[in-house]
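The listed protein sequences correspond, in order, to chains A and B.
Residue 1 is where the first sequence starts when you use my numbering, and the numbers rise one by one after that.
Residue 440 is where the second sequence starts when you use my numbering, and the numbers rise one by one after that.
The set of hints was computed from the structure by calculation and includes no laboratory data.
Yeah, the Cβ is synthetic: ideal placement off N, Cα and C, and Gly gets one too.
Any given hint could be a false lead.
Listed next, the in silico SDA-like pairs over lysine to any residue satisfying Cα-Cα at most 25 Å (straight line) [claimed, not checked]:
#1 K555/B / A133/A
#2 K109/A / R767/B
#3 K193/A / E778/B
#4 K798/B / D367/A
To give a feel for the contact side, a few chain B residues facing chain A, derived at Cβ under 10 Å [what the hints assert, rightly or not]:
#5 N707
#6 R767
#7 Q768
#8 S800
#9 L806
#10 P809
#11 A816
#12 V818
The calculated label-pair distances, taken between Cβ atoms and stated as ranges, are [what the hints assert, rightly or not]:
#13 G638/B / G254/A: 54 to 60 Å
#14 Q410/A / S508/B: 56 to 62 Å
#15 E596/B / I181/A: 56 to 62 Å
#16 E245/A / L776/B: 57 to 63 Å
#17 K555/B / T194/A: 44 to 50 Å
#18 T718/B / D280/A: 45 to 51 Å
#19 A585/B / D192/A: 48 to 54 Å
#20 T194/A / K672/B: 36 to 42 Å
#21 E669/B / G368/A: 27 to 33 Å
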Amino acid sequence: MTTDGTQQGTADDAVDEGTVSSGAPSRRALLGWGGAGLALGAVAAGGTAAALRTGSDAQPAAADATAGSAVAFHGAHQAGIATAVQDRLHFAAFDVTTDDRDELIALLKEWTKAAALMTSGAAVGGGAVGGLAEAPPDDTGEALGLPPSRLTLTFGIGPTLFEKDGKDRFGIKDRRPDALIDLPQFPGDNLDKTRSGGDLCIQACADDPQVAVHAIRNLARIGFGRIVMRWSQLGFGKTSSTTPEAQTPRNMMGFKDGTRNIAGTDAAALKKHVWVSEKDGPEWMVGGSYLVARRIRMHIEIWDRTSLKEQEDIIGRDKGEGAPIGKKRERDEPNLKAMLPDAHVRLAHPDSNGGARILRRGYSFTDGTDGLGRLDAGLFFLAYQRDVQDGFVPIQKRLASIDTLNEYIQHVGSGIFAVPPGVRDKNDWWGRELFARSA
Amino acid sequence: MRALRSSTVAAIAVAATLTAVAGCAEKNDSKGGGGKGAVEVTASDTACELSKKEFPAGHVRFAVKNKGSKVTEVYIYAAGDRIVTERENIGPGTSTEITAEIKAGSYEVACKPGMKGDGIRQKVTATGKGGAAVKRDPKLDAAVAAYRKYVQEQADETLPLAQKFADAVKDGDVDAAKKAYAVSRIGWERTEPVAESFGDIDPKVDIREDGLKKGQKWTGWHKLEKSLWETKKISGDDEKLADKLIEDLKDWKKRVGTAEINPTTMANGAKELLDEVYTGKVTGEEERYSHTDLVDFKANVEGAQKAYELLKPVAKKNDPALVKELDRQFTAIGELLDEYREGDGFVSYDTVSKADQKKLSDGVSALAEPISKLAAAVVTAK
Numbered sequence: 001m002t003t004d005g006t007q008q009g010t011a012d013d014a015v016d017e018g019t020v021s022s023g024a025p026s027r028r029a030l031l032g033w034g035g036a037g038l039a040l041g042a043v044a045a046g047g048t049a050a051a052l053r054t055g056s057d058a059q060p061a062a063a064d065a066t067a068g069s070a071v072a073f074h075g076a077h078q079a080g081i082a083t084a085v086q087d088r089l090h091f092a093a094f095d096v097t098t099d100d101r102d103e104l105i106a107l108l109k110e111w112t113k114a115a116a117l118m119t120s121g122a123a124v125g126g127g128a129v130g131g132l133a134e135a136p137p138d139d140t141g142e143a144l145g146l147p148p149s150r151l152t153l154t155f156g157i158g159p160t161l162f163e164k165d166g167k168d169r170f171g172i173k174d175r176r177p178d179a180l181i182d183l184p185q186f187p188g189d190n191l192d193k194t195r196s197g198g199d200l201c202i203q204a205c206a207d208d209p210q211v212a213v214h215a216i217r218n219l220a221r222i223g224f225g226r227i228v229m230r231w232s233q234l235g236f237g238k239t240s241s242t243t244p245e246a247q248t249p250r251n252m253m254g255f256k257d258g259t260r261n262i263a264g265t266d267a268a269a270l271k272k273h274v275w276v277s278e279k280d281g282p283e284w285m286v287g288g289s290y291l292v293a294r295r296i297r298m299h300i301e302i303w304d305r306t307s308l309k310e311q312e313d314i315i316g317r318d319k320g321e322g323a324p325i326g327k328k329r330e331r332d333e334p335n336l337k338a339m340l341p342d343a344h345v346r347l348a349h350p351d352s353n354g355g356a357r358i359l360r361r362g363y364s365f366t367d368g369t370d371g372l373g374r375l376d377a378g379l380f381f382l383a384y385q386r387d388v389q390d391g392f393v394p395i396q397k398r399l400a401s402i403d404t405l406n407e408y409i410q411h412v413g414s415g416i417f418a419v420p421p422g423v424r425d426k427n428d429w430w431g432r433e434l435f436a437r438s439a
Numbered sequence: 440m441r442a443l444r445s446s447t448v449a450a451i452a453v454a455a456t457l458t459a460v461a462g463c464a465e466k467n468d469s470k471g472g473g474g475k476g477a478v479e480v481t482a483s484d485t486a487c488e489l490s491k492k493e494f495p496a497g498h499v500r501f502a503v504k505n506k507g508s509k510v511t512e513v514y515i516y517a518a519g520d521r522i523v524t525e526r527e528n529i530g531p532g533t534s535t536e537i538t539a540e541i542k543a544g545s546y547e548v549a550c551k552p553g554m555k556g557d558g559i560r561q562k563v564t565a566t567g568k569g570g571a572a573v574k575r576d577p578k579l580d581a582a583v584a585a586y587r588k589y590v591q592e593q594a595d596e597t598l599p600l601a602q603k604f605a606d607a608v609k610d611g612d613v614d615a616a617k618k619a620y621a622v623s624r625i626g627w628e629r630t631e632p633v634a635e636s637f638g639d640i641d642p643k644v645d646i647r648e649d650g651l652k653k654g655q656k657w658t659g660w661h662k663l664e665k666s667l668w669e670t671k672k673i674s675g676d677d678e679k680l681a682d683k684l685i686e687d688l689k690d691w692k693k694r695v696g697t698a699e700i701n702p703t704t705m706a707n708g709a710k711e712l713l714d715e716v717y718t719g720k721v722t723g724e725e726e727r728y729s730h731t732d733l734v735d736f737k738a739n740v741e742g743a744q745k746a747y748e749l750l751k752p753v754a755k756k757n758d759p760a761l762v763k764e765l766d767r768q769f770t771a772i773g774e775l776l777d778e779y780r781e782g783d784g785f786v787s788y789d790t791v792s793k794a795d796q797k798k799l800s801d802g803v804s805a806l807a808e809p810i811s812k813l814a815a816a817v818v819t820a821k
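The task is simple: from the sequences and hints, build the whole structure.
Written out as structure tokens, the structure is:
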């Protein structure tokens, strides 16, 4: 057939020109009448506007967090770490199948472009509709008509991208950060290889699960032939927030979780515990962070048969208010000595771990049942830190060895990723500095 | 074949009936149709008005406006209600444009307010000489001709192999029948989308138990597969089914030359073959008793590759990057499959680990994603 050739050109052009393509249908454009009725989970998120951050440490972006709005994609740090925690998660780990460095770089550039579009509420490529009838649409379409829903896409790099089976796959082996360690085996770990590891990861968070899933699905599709999906995890309820002024969310055990989490507005704590500094190096990671992901299965049935007092003793807080044992209010300073020696809060507290703090961003999950009629439920733990050797590793060593909670939980999946600094502008791309000056 | 296939069959049947067409529908145009030379179709809840009822054969554009209150659809029918092209879901107040390459002859345009019934019809005439109306790249005509030859060869070569299988079944020789089973299916698997385009043959020869409709008798390869591997007994009915299989395959062989093949159906056929691999073979569903899935897998890939290779000269001109990627991925999947070779066939699929099945699945995805773009690359320059 003879089709006007210019129609084909619009997609790429639009991407080059900016974040929202005029040629590609924008979810926001389709919502021209305001979209207030489609705010969906945003209200339930309980998020206030205060903590949407995308840029420098000192200046929280004044974004509207109440109406499924967009979170800026570009900035000094990647969004999805210190920015306000959304309601829903789709986390995916990928393995790279190409051994061609240029192809990998091309993929990262394509991914970054698509991520910028999707986080702004636009469709990828030439959009989901209106393209050639003979071709499958570039965008899969299930997010059409939905607001950006505060979608953030956070990109990380696993140890195996630097070296796998002794092979320097992409000429970046010598650029692997010391902090990107292979996590040690912790007592009680029962890790499923098919739910662990990965050369790359993308954390998609949004207030609407469909928007998060759409993002992962489309990125995977763009990558087929160069990457494969290794595993992925859906999360349905945040278990920690970075917005302390909002109500602290509860985890599947029914307890408030993340009361003492690092706040997105606490620049000093972020600097001290989350962002990689110039002194830490390597240079390409400055402004980035390290992510530990753990799939923690909870034996919720036996937890539910545990008396209230025992539950509270195990956690170290009361179940209603969330106050530390012996205190009145949730945010009262805990008296660790008032708790049992093996209470979870006591063991995890910075004072018990040489001041170690991590920024938690986990989600509850329930992946149906396990074949024995038990809910396959738990916590998909996500934690960001400046160095896992000062963060997750010492904390988990303590928890894994003596925490009574271990009777009710089991770590069944694990991943560690170096999360590079933010994408600065439309010419920048995920991992650029890693690949820039090597080989 | 797929367990649930009625929609696929319908879709292919539509594609296959496009005698007059190397047809296509262009982008929705929000500015509204019209334009020079287009046949304007004004659809309402009670009427289907055309700006002209006679137009030259060739590339014809229909500018459709829905002025009614119901969602409508517009069909262009040739004789015998053969669908030339159609567009569904045209909302009230919206416009769209449909294009088709139409040979000289009589047609009907139907508007279907509410998207049901036979619609409100208008007779139209495409004037001019018949055959010359559709202009296509001669390279594509050559590709279609070569593919048609390939399809016929596959059918021709299948018959004696299937006969050998059928004879073994009728002799009650389970071992010989098992040996002859998978190879008897290769030609079929290579060209399955063409066979499926007839609609009636595939459900007779290649249906699986779970795909049967209520009251449908189970016939064909997979019924015999179950007898050989699962019940391990050949019944009197099975012997009759062996004859029936040959009869149906002869019908296929006779009709395959008349199948409607054009560059679009070729490219989409390649994609459908990989869809089959992805949903039926990688999962081990297709050959659940014999576990010869990898033989089918290989045949599906070969058939897809044949269609691709024939379309490649045109695709290469229109989308060189796509061709490069497809070459790479066809090579990769071939190498991956080679790892599972055993004797002159493949290992039994029930011995392939879950991790290896994932590798195969990932390999198919890597190939199927670019092949889904082949149809566009043969009809449009990028």
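Right, here's what the structure says about each hint:
no. : hint                        : result
1   : K555/B / A133/A             : holds, 23 Å
2   : K109/A / R767/B             : holds, 21 Å
3   : K193/A / E778/B             : holds, 23 Å
4   : K798/B / D367/A             : holds, 24 Å
5   : N707                        : holds, 8 Å
6   : R767                        : holds, 8 Å
7   : Q768                        : holds, 6 Å
8   : S800                        : holds, 9 Å
9   : L806                        : holds, 8 Å
10  : P809                        : holds, 7 Å
11  : A816                        : holds, 8 Å
12  : V818                        : holds, 5 Å
13  : G638/B / G254/A: 54 to 60 Å : holds, 57 Å
14  : Q410/A / S508/B: 56 to 62 Å : holds, 59 Å
15  : E596/B / I181/A: 56 to 62 Å : holds, 59 Å
16  : E245/A / L776/B: 57 to 63 Å : holds, 58 Å
17  : K555/B / T194/A: 44 to 50 Å : holds, 48 Å
18  : T718/B / D280/A: 45 to 51 Å : holds, 48 Å
19  : A585/B / D192/A: 48 to 54 Å : holds, 49 Å
20  : T194/A / K672/B: 36 to 42 Å : holds, 39 Å
21  : E669/B / G368/A: 27 to 33 Å : holds, 30 Å
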